[in-house]
Amino acid sequence: MSRIEAAETRTLLPLRARVVPIATTMAASALAVLPFVSDTPLLPPFGLLMLLAWRLLRPEMWQAWIGLPLGLFDDLMSGQPLGSAMAVWTMALLALDLSDNRAVWHDYWHDLLVAALILTFCIAAGWLAAAIVAPVAGLQTMVPQLLLSILLMPMAMRIAARLDRFRLAR
Amino acid sequence: MAPPRHRRPGFSRKAQLGLFAGYVAAVTGLLVGIGLIVASHFDPQGFSTLRGVATDLAAPLTNGGRAVVRAIGNAGGEIAAYWNAGTQNAELRRELALSRAKLTEARILRFENRRLKRLAHLVEATPDKVVVTQVVGSSASSARRLVTLAAGASSGVRQGQPVRSAEGLIGRVIETGQISSRVLLLTDASSTVPARLVRNGLPVLATGHGDGRIDLRVLTAGVAPFRRGDLIATSGTGGVYPPNIPIAVVTEVHRETAIGWPLADPARLDYAVVLKIFEPDLPPPPPAVTGP
Numbered sequence: 001m002s003r004i005e006a007a008e009t010r011t012l013l014p015l016r017a018r019v020v021p022i023a024t025t026m027a028a029s030a031l032a033v034l035p036f037v038s039d040t041p042l043l044p045p046f047g048l049l050m051l052l053a054w055r056l057l058r059p060e061m062w063q064a065w066i067g068l069p070l071g072l073f074d075d076l077m078s079g080q081p082l083g084s085a086m087a088v089w090t091m092a093l094l095a096l097d098l099s100d101n102r103a104v105w106h107d108y109w110h111d112l113l114v115a116a117l118i119l120t121f122c123i124a125a126g127w128l129a130a131a132i133v134a135p136v137a138g139l140q141t142m143v144p145q146l147l148l149s150i151l152l153m154p155m156a157m158r159i160a161a162r163l164d165r166f167r168l169a170r
Numbered sequence: 001m002a003p004p005r006h007r008r009p010g011f012s013r014k015a016q017l018g019l020f021a022g023y024v025a026a027v028t029g030l031l032v033g034i035g036l037i038v039a040s041h042f043d044p045q046g047f048s049t050l051r052g053v054a055t056d057l058a059a060p061l062t063n064g065g066r067a068v069v070r071a072i073g074n075a076g077g078e079i080a081a082y083w084n085a086g087t088q089n090a091e092l093r094r095e096l097a098l099s100r101a102k103l104t105e106a107r108i109l110r111f112e113n114r115r116l117k118r119l120a121h122l123v124e125a126t127p128d129k130v131v132v133t134q135v136v137g138s139s140a141s142s143a144r145r146l147v148t149l150a151a152g153a154s155s156g157v158r159q160g161q162p163v164r165s166a167e168g169l170i171g172r173v174i175e176t177g178q179i180s181s182r183v184l185l186l187t188d189a190s191s192t193v194p195a196r197l198v199r200n201g202l203p204v205l206a207t208g209h210g211d212g213r214i215d216l217r218v219l220t221a222g223v224a225p226f227r228r229g230d231l232i233a234t235s236g237t238g239g240v241y242p243p244n245i246p247i248a249v250v251t252e253v254h255r256e257t258a259i260g261w262p263l264a265d266p267a268r269l270d271y272a273v274v275l276k277i278f279e280p281d282l283p284p285p286p287p288a289v290t291g292p
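Chains as they are written, first to last, in this note's numbering: chain A, 1 to 170; chain B, 1 to 292.
For reference, chain B alone in the conformation it holds in the complex (with noise of 0.2 Å):
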């Protein structure tokens, strides 16, 4: 088939410039869109007011996508149960489907009950929570690696602050709408997080991959001090994250590094403890200096 020629203005003065300022406009933009992915190479938080109104106006959008997917869900169970009832002993069947329905529902209720109940002693244990929230989202088609939180500004989040589940550390605040929140996960190449394996006290740093794994370095040259199973936490070190979060487990060891799974596994996310920017008690001042 030949192609179409519409890219031919003909003779018209009027339609040639017309196309050529379209040219200009698209050529003109394209240069601000790369000015605006440097800026933000230098000024990473430029855009955040921009950002957050994004987040606020998608959050609804993400909170309604929550019900739909679980009403799909729903629907095709129904659909299952309706041709079980059309077999011949659809009596019994749908006793012995219902009973067994009870069943992994008494079961499902019990592990969300101790899920809950851990994280409501979580709650209660931690004097320095801001807000307890839910992940509503993902950046799952960029290759940064964020969440959504159903908090923002307006309950006071701020940039910055150690988000947390039951299970472990998630990651840090690094952009906030007023109802909404970005968290950027451990698991992002650019996450580091100062830590120490929980069986020596020895201090590593927790850095992520990119991929769910999380890269552990020591920081002592020449020792391996790994092993698998090893866990790890937050050491505290350095302030924001505040100690003894648990972090990762040791799922692969090299002579110095390791890599670890982290505790916290961000596709089952759903409720998450914001906290408060930790801050280590200050040194004492330094003695003052006397002249000679």
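One chain only, chain A, in its complex shape (with noise of 0.2 Å):
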């Protein structure tokens, strides 16, 4: 599909098919303030998730832009330093459409292998973020997290293929 018709399709889509993908990612976000106190870092980053599956779905949908307004609103959930999902997130978008253009195929597989890439690179770069603003304990805390990251992702990409028939269902 070229760059044209993604635009105008884009534009003819009804209301409900713009605003899906960017609540459903804002609830994700949102979900960092359930309250389930716990005593080391293990809440998967949910709207980071939703993001990935999305992107990965529909990757002519968003431009990179996008990781910046969401990822403000996951920093102001989560209670990570202002800006550091903001940035982070908008590299991986940069980092997935220079991949996405470098790639020859990808299946399903590939796209899991790239997810989980991109997962682990976020959540030590988010640990970073963290750590710059006060001294955190060591990275090895965040493993779990990112183990159990990886794991929920397959879900994280069923749960957006369902919602994409809901938005695009007529």
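Hints were generated in silico from the structure; no laboratory data involved.
Virtual Cβ for every residue (Gly too), placed ideally from N, Cα, C.
A few of these clues could be false.
Facing chain A, from chain B, some residues (calculated, C-beta under 8 Å) [what the hints assert, rightly or not]:
#	residue
1	25
2	51
3	144
Build the complex: two chains, separate frames, hints provided.
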């Protein structure tokens, strides 16, 4: 599909088709305020999982700057230093654009591998951002969260696919 | 499967420029984000108003979420009860389950009663309290250890005030909204509390470890004063934290350091007392220097 075509279909899309991905990503970010009090950083970054799932499913839907507003919202919800998800998510989206231009083919496992790499980068970078602002525990405390995030990624992709059917249903 | 050629704008000048502008915006925003992180390194309280508004917005969600979590827990129990009732001697079993549940309930009530009494006693006996409130959430996915309280600036909560529960010290308020506030837990790696060994009064420093434990260091070199099971309490040195609030129990002893486990377990905190900032009596002014 050419870029012009994509731009035209995007503007022709009904409101629901444009709002659903953004709303679900923000809702996933807001899961961070659930009343779950824990000692170690264990809950996966749900907002990032949803963002990646949407981006992998519909590469043409968003431009890379969408990481800025969504990341800002995630920062406000998660208690991370302001700007960390903004910067890290945008970096991830730019990297995905680059890899899309280079990749000759892609399938489910390729997508999952890319998602795992990006999750590793984002969680490590988020840790670094927190460490710049205040001393935090070693990077190894993030490992359980990372493993959990990667294992939950297929579920996020399924959820995005289901929501996509709802989004485009007539 | 071949990748979609969605990033090829074709020959349209307008589409090419639009795509380029998108990338310019993304990179600019990215740099702004990094700038924000660096800014909060130099001024950690810089965006506290914005963050306060965000925690305020999230507070009803968090409070509502509590009810949902509780309702889901109840639903599980109800389904189990339905299956039990379907068995042959449903009557007897239900009665047994009922009395068993009642017994558990009575035990829980007794336990809660004891805790609330302790808290009530604490509230009466603490003249310097600001407000008694609930812990409603935490930063479970971030590397920093923070919890959210259901009271904010409108109830008199201010930055820097110490927070405790019936069991012991929880931490210190670092951000306030109007109806909610964030507390830095003792176990956060950036939290250090002046404390002392209750057994012999030796001054120690309690620093968070970031994973639920607390590092204890003695201030004098060459002594190994810790024993397993030792109680650590605040010393009140330097102000902020009032003296004699229990902090941790020593669980692991090295030579001059020890690892402690906090007495107030953040995972089951529900009520917390926000205290006024402790200001020790000022020392007498130094004698006036007279010229020779």
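Going through the hints against the structure:
no.	hint	result
1	25	4 Å, holds
2	51	7 Å, holds
3	144	5 Å, holds
Taken one by one, the earlier hints all hold for this structure without exception.
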